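Asker: Protein chains in written order, with numbering that gives the first Met the number 0: chain Z, 0 to 300; chain F, 0 to 70.
No lab work stands behind these hints: they were computed from the structure. If you're wondering where the values come from, they're calculated on a predicted model, not measured in any experiment. Treat the hints with caution; some may be incorrect.
Lysine-lysine pairs mimicking DSS-like chemistry, simulated, CA-CA at most 30 Å apart [unchecked claim]: (1) Z/Lys191 to F/Lys35; (2) Z/Lys228 to F/Lys32; (3) F/Lys24 to Z/Lys191; (4) Z/Lys71 to F/Lys24; (5) F/Lys35 to Z/Lys75; (6) F/Lys27 to Z/Lys191; (7) Z/Lys75 to F/Lys27; (8) Z/Lys75 to F/Lys32; (9) F/Lys27 to Z/Lys265; (10) F/Lys24 to Z/Lys265; (11) F/Lys35 to Z/Lys228; (12) Z/Lys191 to F/Lys32; (13) F/Lys35 to Z/Lys71; (14) F/Lys24 to Z/Lys228; (15) Z/Lys228 to Z/Lys71; (16) Z/Lys75 to F/Lys24; (17) Z/Lys265 to Z/Lys191; (18) F/Lys27 to Z/Lys228.
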Amino acid sequence: MSEQEYYIPHGTYWPIIGSIGVTTLFVGFANQMHGVEWGGSVMGLGMAIVVFMLFGWLGTVVNESVNGMYNKQVGKSFRWGMSWFIFSEVMFFAAFFGALFYARILSVPWLGGADNNMFSGATEALETSKYIWEGFQATWPLINTPGAIGQSGVEFSSGFALVDTWGLPALNTGLLLTSGVTLTYAHHALRKGHRNSLVFWMIATITLGVAFLGFQIAEYGHAYHEGLKLTSGIYGSTFYLLTGFHGFHVTIGVIMLTVILYRIQKGHFDSDNHFAFEGVAWYWHFVDVVWLGLFIFVYWL
Amino acid sequence: MGYLVIAIIVVILFSLGSALIGMVKGGKEGSDKMFKSLRLRISLSVFLFVLLMFSSYMGWIEPNTTMLPTQ
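Just chain Z, same shape as in the assembly (with noise of 0.2 Å):
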């Protein structure tokens, strides 16, 4: 191909398919929530059509790039594709990490009367607990929420007690950061051609970010013993939706890496032409990065 042509394949079958995937997924979601008996198992048969459909689509190009259909016009396509994908990822944690400063610096404080608002406006100190509810604290972790039953019409739990920092929490940061420069030795291994020490950090990586997961899940057991739920309030919110998108991305982290050692065993990346691989470890030190910001202002800050 020369330089100025754009390959184009022809005929693909892969968008109708995830469509269907996609729709199942969805219908029987909707179902599953209302209730439905059927729902759950065809929300199953979406996702297994959309992992299909996943796999085959970038098999295909996988393909279409062993054999040489790209140039450096689609490679830098990819790039450009790439670059979008965490440009939405980086909004995703932005929104989050902001929903939790909110809560945090302003929403919390002005309910126990910081500043000048409505709660504020009396001598009294804590008018809240006065006129919305009798002896708020306005604390970080808001501990104590009402005992009241939410619109979910779940009752919130409350008192708990906060996990150990010292404990899982810094084993599981230490446990990132590790993966973080095994992989870095991986990447440098690539780069000067050395292919078994790329295959052995590699290994390591993944290793490591299983562990992880594994640890996030007794932590979050551990957690959940102790009462601290998604419905305990904002904190209890927060805390669950951030470790639990940063959890999701660490599963679809080790599944890239996984699929990028497999690739690795194929032969398809050499020291200067390895796009893959960068795409790979760059979404691996972003999810490294939004731990070591969890783990900071969650547990310290």
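Chain Z is already provided as a structure; the job is to place chain F on it using the hints.
Answerer: Just chain F now, with coordinates in the frame of chain Z:
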């Protein structure tokens, strides 16, 4: 101490962003930029983690682990 931690986080974010620019650029030059930025970012992250653990051990900072009485 808090400001130092935030300053290091900002530098980490910058090096991650610089790695992204290197990745989009591609080629030998972009690949070098990406690798060096990622190496800087992981080094700083490990340093920050060790700093936090050490500061806590020395009692310079306190984690958010006030165990409040459960009801």
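Asker: Please go over all the hints and tell whether each is borne out by the structure.
Answerer: Here is what the structure says about each hint:
1. Z/Lys191 to F/Lys35: Distance ~14 Å between Z/Lys191 and F/Lys35 Cα, so the pair holds.
2. Z/Lys228 to F/Lys32: 43 Å, violated
3. F/Lys24 to Z/Lys191: Judged against 30 Å, a Cα distance of about 20 Å means the pair holds.
4. Z/Lys71 to F/Lys24: Holds - the C-alpha atoms of F/Lys24 and Z/Lys71 are around 11 Å apart, at most 30 Å.
5. F/Lys35 to Z/Lys75: 21 Å, holds
6. F/Lys27 to Z/Lys191: 13 Å, holds
7. Z/Lys75 to F/Lys27: Holds - the C-alpha atoms of F/Lys27 and Z/Lys75 are around 14 Å apart, at most 30 Å.
8. Z/Lys75 to F/Lys32: 17 Å, holds
9. F/Lys27 to Z/Lys265: 23 Å, holds
10. F/Lys24 to Z/Lys265: Measuring from Cα to Cα gives roughly 26 Å; hence the hint holds.
11. F/Lys35 to Z/Lys228: Violated - the C-alpha atoms of Z/Lys228 and F/Lys35 are around 41 Å apart, more than 30 Å.
12. Z/Lys191 to F/Lys32: 15 Å, holds
13. F/Lys35 to Z/Lys71: 23 Å, holds
14. F/Lys24 to Z/Lys228: Outside the cut-off at roughly 44 Å; violated.
15. Z/Lys228 to Z/Lys71: 50 Å, violated
16. Z/Lys75 to F/Lys24: 8 Å, holds
17. Z/Lys265 to Z/Lys191: 18 Å, holds
18. F/Lys27 to Z/Lys228: 49 Å, violated
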